[in-house]
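Undergrad: Chain residues, written in single-letter form:
Protein chains: 2
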Amino acid sequence: MILEKAVLNVKPELQKTFEDAFRQASVYISSVKGYVNHELHICLEQENQYLLLVTWQTVEDHTIGFRQSEAYNEWKRLLHHYYEPFPIVEHYKKIEL
Amino acid sequence: MILEKAVLNVKPELQKTFEDAFRQASVYISSVKGYVNHELHICLEQENQYLLLVTWQTVEDHTIGFRQSEAYNEWKRLLHHYYEPFPIVEHYKKIEL
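As they're listed, the protein sequences go chains A and B. The first sequence maps to residues 1 to 97 in our numbering. The second sequence maps to residues 1 to 97 in our numbering.
Isolated chain A (complex conformation) (with noise of 0.2 Å):
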């Protein structure tokens, strides 16, 4: 399993709309093969930072099977106009502790 991370900086005079926009997006992501799971957290230091976590079985679902879908199209025309700088994508292994 990985966890993809995203810090998304959202347009300051877009922000009250993006929480819609990202309940209408999670119906797309959610509906590609190895997606697992994903979460949306608020920043309580920097007004209009979020933090956007996704499971995926493998790496390359997200890479290359989310980002060449039908469903990531969707996914882009409904959030990428909201960010500002354009978010950087790690993924990242969870360590046995």
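Misleading hints may appear alongside valid ones.
[Claimed, not checked] Simulated restraints on C-beta separations:
| hint | chain 1 | residue 1 | chain 2 | residue 2 | range |
| --- | --- | --- | --- | --- | --- |
| 1 | B | E13 | A | E84 | 35 to 45 Å |
| 2 | A | M1 | B | K94 | 11 to 21 Å |
| 3 | A | I95 | B | K94 | 39 to 49 Å |
[Said to hold, decoys possible] What the simulated footprint calls covered on chain B by chain A, stretch by stretch (three residues with Cβ under 8 Å from a Cβ of chain A suffice, anywhere in the stretch; the number is not a length):
| hint | segment |
| --- | --- |
| 4 | 14-23 |
| 5 | 39-52 |
| 6 | 89-96 |
The set of hints was computed from the structure by calculation and includes no laboratory data. Owing to the predicted nature of the structure, the values given are computational and were not obtained by experimental measurement. Just so it is clear, CB atoms sit at the ideal spot from N, CA and C, and this is done for glycine as well.
The hints should help you fit chain B onto chain A, whose structure is shown.
TA: Here is chain B on its own, set in the frame of chain A:
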């Protein structure tokens, strides 16, 4: 519930022992009032980068309860010399989707 997030950049020459030190330190953070759970993830794209996620009942359980505890002294002693630069810690609240 509050999610604490910190990106940990571990000094390359110390990475070998970091995960074991983190396992030792886990006992201390887990013992504190208001602690719910924690996870450590290693980044696939950037060597020596980790993602720490800790769930707390309230922000103050972390920023006051933990940081003023004896357990935090042990946590610091075990871990703080591994980081360069010192991590920025932020707190998030989950958005209901």
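Undergrad: Are the hints correct? Go through all of them and say.
TA: Against the structure, the hints come out as follows:
Between E13/B and E84/A the beta carbons are some 37 Å apart, a value that agrees with the proposed interval 35 to 45 Å. At roughly 20 Å, the beta-carbon separation of M1/A and K94/B lies within the given 11 to 21 Å, and the hint holds. Restraint check, I95/A to K94/B: a C-beta distance of roughly 23 Å breaks the suggested window 39 to 49 Å. Beta-carbon proximity to chain A at under 8 Å applies to 3 residues in the segment 14-23 of chain B; the threshold of 3 is reached and the given coverage holds.
Proximity of the segment 39-52 of chain B to chain A, defined as three or more residues with a beta carbon under 8 Å from a beta carbon of that chain, is established by the 11 residues found. Counting residues of the segment 89-96 of chain B whose beta-carbon sits less than 8 Å from any beta-carbon of chain A gives 6, enough to reach three: the coverage restraint holds.
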